[in-house]
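Asks: What follows is each chain in one-letter form.
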Amino acid sequence: MPEADSISIAILGSGGAGALTAGNFLLEAACAAGWHGLLTRTVGPQIRGGEAAALVRLATHPIECMPERYDLLIGIDWLNAHRFGAEIEAAPHSLVVSDPRGGDLPATIGRAGARVIEVPIKEMAKAIPGGRPNMIALGIAAGLLGLAEEIFTPVIEKRLADKGAAAVEASRAGLKAGIDAAADLDFGLRLSPAKPVGGAKRWLVSGNETTGLGALRGGVRFAAAYPITPASEILEWLAPNLPKVGGVLLQAEDELAAINMIIGASYGGTPSLTATSGPGLSLMMEALGLATASEIPIVVVDVMRAGPSTGIPTKSEQADLNIAVYGFHGDAPHLVLAPQSVADCLFTTQWAVYLAEMLQTPAVVLSDQFIGQTVAAMDRLADIAFIGQRIKPADNVSAYKRYAVTASGVSPMAIPGLRGGQYTADGLTHNERGTPTSSEGDHRAQLDKRRAKLDQFNYGDHWATVEGNGEFAVIAWGSLTGAAREAVARVRDRLDVRLFAPRLLLPIQPERFAAALDGVKHVLVVEQSHGAQFHRYLRAHYDLPGTVRVLNRPGPLPMKPSEIEQAIMEWRS
Amino acid sequence: MSAIELHPTCKPGDYKSEVNPIWCPGCGDYHVLMSFTRAFAELGLAPENTVVVSGIGCSSRIPAYTTCYGFHGVHGRSLALASGLKVTRPDLTVVVASGDGDGYSIGGNHFLHACRRNIDMTYVVMDNRVYGMTKGQPSPTTEPDFDTALSPGGTGLSPFHPLVIALASGANFVARAFSGAPNETASILVEAVRHPGFSFVEILSPCVTFRPDEREWKSLVHAAPVAATSDPAKAARRIMTDDGFNIGILYRGERRPYQPRIGGQNVDFADLEKDFEL
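Protein chains in written order, with the numbering used here: chain H, 1 to 573; chain B, 574 to 851.
Treat the hints as calculated values from the structure; they're not laboratory data. Be careful, since some hints might not be right.
In silico PhoX-like pairs for lysine-lysine, Cα to Cα no more than 20 Å straight-line [unchecked claim]:
#, chain 1, residue 1, chain 2, residue 2
1, H, K176, H, K158
2, H, K401, B, K589
3, B, K847, H, K158
4, H, K201, B, K847
5, H, K401, H, K449
6, H, K163, H, K126
7, H, K176, H, K122
8, H, K244, B, K847
9, H, K392, H, K449
10, H, K158, H, K201
11, H, K126, H, K176
Short derived list, chain H residues pointing at chain B, Cβ under 10 Å [claimed, not checked]:
#, residue
12, E28
13, A32
14, R221
15, A252
16, I259
17, G268
18, T270
19, T435
Bear in mind that the values here come from a model prediction, so they are computed numbers and not experimental data. Beta carbons are placed, not taken as given, at the ideal position from N, Cα and C, and that holds for glycine.
Working from the sequences, and respecting the hints, build out all of it.
Replies: So, in structure tokens, the structure goes:
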């Protein structure tokens, strides 16, 4: 049977059927056994009775994006699966395992010409006391992929420990029944054996979780929280973990409160963060300007979802770039950063905390639903040196000027408790002392200072990913970096393509940008925004070399490596 | 309430900064500032351990007029900002200053939740029943027939009842004061700061420019005839039925302030990472 070094599996069911649990168990067991993998969940807005699918990609090598098509689709039921539309694609070589009582196969899957095999998943579950169809589905997937039953035992025992021994037993029996049933099925593919992994500890985490850890490693000890999809997991991870490091989380009454709470806490000397999505970021704009003007370091993570307005809360898009870059009223220099993968959420968040603290300014981190909620296996992410230090006045300060104009633009920041450091932080235009003024000179001096502190800072090589040195460049950002990287790898034997993806979107870095794209003659800009916000941002701030094309479309469908590959090759021909 | 560092030599003048207030001559807020400095002196607060937080409006200019730390934030959000500050710095004394527009209109939601949270801070609203800084529009406490450019012939709306709302929302200390009696107001502020949890002090503070009629308040105010109660229902009934000029401490609650434990723990990241491990 042919072996594949990457196989993708979709397990579908109506909300509450347990498809996501089955997918999680599959990923966790396979990754513990040495494979690499990703799990993306795709759900409707309903909590129960909507549509839910676990999309799992397993591979023998690290991967950063979801596949083109699913090799194996298992439908616990198809009741609402038509709502996924083109999101879950099958291919002629795919195998669809379907419960005959699970409703009609969605037309999009049926049209692909895949083989469909009927397995009475629900009936098999009923035959087991306490049995659940999702564990049968898990067993079928395990059997077809060639994964051993034993690798699932620790996962089931760990994850179902609080449900009792009977639940563990029923799940194991379901798994076995599924594996047995798979023995009679012909999938035609097998997952290549896992490569040996080194001694390093391995993690299975979502981007929202790595974001939370990045915040704590960076020194965040206060978070304010207002729940919102798809950012809540960051806040829910921080809630129990902040107290473990001496910090605290406060639930806010709305996003207006959340951002003002973190400004208050940071003013008091505590590095602070909140996480939200587009609607919440919209509400936070005024106070982000306050943090800029009063020079209070804060970090706001925006886990982007499709907009505008309520949009599609559970699905990804890269269309909050404009508000993050341009949303502030007045001239308000600030930081905007974007993580490029599940793992990079840790680095970028920690770096954002560091930069905010060093530069006494707000940082907006543009994550998105895809990297935020995707679960990925990776080696433990090493500690990095970025721990922010606020520049503070001397203990014996006198005639203190909070907003003193300095060479670096950063002014020593007194923290309440320091005698002689008293000042009033103010969103009104103020002089060096902090006293409100309408004077042209003070206004300009403080605008100059706030601009200069961001422009003069040395951001180092972390500001962008630059891979390869071809004359053809793909420019992507955020979560599309992974798909772009895979596309570049696919065309490597035909074309040398350079990958460029800025991690730091503000302040702009014109000299570094020019160096990164030196020698480039063709540029393909890739983004998930209907209005091509990223392309417009690049045009506004940088000189793009050579001829330029744009591959942009809105969410919620993930941009696939093949689309990028096709755009590259079409242009070349 | 946080520990107050006693400075027996503190004088009210020590808390008054060199910044000249922008208030109109005759504004009630001058007297509120005087009450602040007297109360702070009586409490012996160290200016460096005291933070005055405000939003936007005439009243919200007060932080810079003190020698304490201050935060003059955006319109309506002072309570949220102060809440983040106080839970992370329980060692500080936090006093929040607001007005009837800032506190009850744009900041109305935060008012409810700050009362409910009962974090140990003092919330002072200088109520002049008008938006003064924007030149005379009706606020949530303005009478229904108050004629303005924005509400020709009056709003026709009943005013909002902040003290009862504070009680219903869980405030732990409720008082009404009058700016024209700065000594009495200072005494009330002292009690408010000393009382654990969220203390709410509404100060009737006339706007002589847009509400010259409020000059009459000095003849209308009178001391509350009975002592403060700890029974919120009784307090609510009294406040609902009084004439709005009843001055004094009206309610002293016994709710435990909200203060999560912070700091002190050893930072062990290995423990945090355990959940991530395969």
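Asks: Just pull the numbers of the violated hints for me, sorted ascending.
Replies: No numbers; nothing is violated.
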